[in-house]
Each structure stands twice: as C-alpha cells, then as structure tokens.
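Colleague: Numbering-wise, this note's numbering comes out as the position in the sequence shown, counting from 1, plus 522.
These are computed hints drawn from the structure, not numbers from a lab.
Every residue, glycine too, gets a C-beta built ideally from N, C-alpha and C.
Some clues are possibly wrong.
Computed Cβ-Cβ distance ranges for the label pairs, DEER-style [unchecked claim]: (1) ALA589 to ILE532: 53 to 59 Å; (2) ARG582 to PHE526: 29 to 35 Å; (3) GLU544 to ALA571: 28 to 34 Å; (4) ILE534 to ARG561: 20 to 26 Å; (5) ALA583 to GLY543: 55 to 61 Å; (6) ALA583 to THR550: 45 to 51 Å; (7) ARG582 to HIS535: 51 to 57 Å; (8) LEU574 to ILE534: 39 to 45 Å; (9) VAL563 to ASP587: 31 to 37 Å; (10) ASP537 to LEU579: 44 to 50 Å; (11) VAL563 to MET533: 41 to 47 Å.
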Amino acid sequence: RVAFKPTSSIMIHVDTVTREGEASQIITKGRHDPCVGIRGVPVVEAMMALVLADQKLLHRAQCGDVAPD
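Could you build all of it, start to finish, from the sequences and the hints given here?
Modeller: Listed below in structure tokens is the structure:
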C-alpha cells in the first residue's frame, strides 16, 4: 500500500509573463489540487525496482557469489 499527500495550492500572487512578453500575475482562488495518483504508480514501481536491486547488490557484497551445494 502507498499513500500520497495531496499537493497544495499556492495562495500567493505569482509574477509571470504572457506569450506576448507582458507582465502578468497568476492568482489562485480556492483549491485546485492536481491528482498525483496517476504519476505515482510509475514512481512507486521505479523506487521498488531500485530497492530490490540495492538489496541484491548488498546481499552479493556480503555473501559473494556462493552457490548452494
């Protein structure tokens, strides 16, 4: 099981520029939290692969390539 903390909206005015190069501001009102669950699955799978590979290398470093008799 995996749990994700929802991303929070930034309630401060952010300075930006338009495509025409004019100064503008992004003003957030209310909660507009994107769903990170869609991106979370590949991240969790990749982290699990790294953990398993690390564990295999640790085991190999401690026990060597000893084959059971």
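Colleague: Please go over all the hints and tell whether each is borne out by the structure.
Modeller: To see whether the hints hold, each was checked on the structure:
no. : hint                         : verdict
1   : ALA589 to ILE532: 53 to 59 Å : holds (57 Å)
2   : ARG582 to PHE526: 29 to 35 Å : holds (33 Å)
3   : GLU544 to ALA571: 28 to 34 Å : violated (46 Å)
4   : ILE534 to ARG561: 20 to 26 Å : holds (24 Å)
5   : ALA583 to GLY543: 55 to 61 Å : holds (56 Å)
6   : ALA583 to THR550: 45 to 51 Å : holds (49 Å)
7   : ARG582 to HIS535: 51 to 57 Å : holds (54 Å)
8   : LEU574 to ILE534: 39 to 45 Å : holds (41 Å)
9   : VAL563 to ASP587: 31 to 37 Å : holds (34 Å)
10  : ASP537 to LEU579: 44 to 50 Å : holds (47 Å)
11  : VAL563 to MET533: 41 to 47 Å : violated (29 Å)
Figure legend: structure checked against the earlier numbered hints; hints not met, in rising order: 3, 11.
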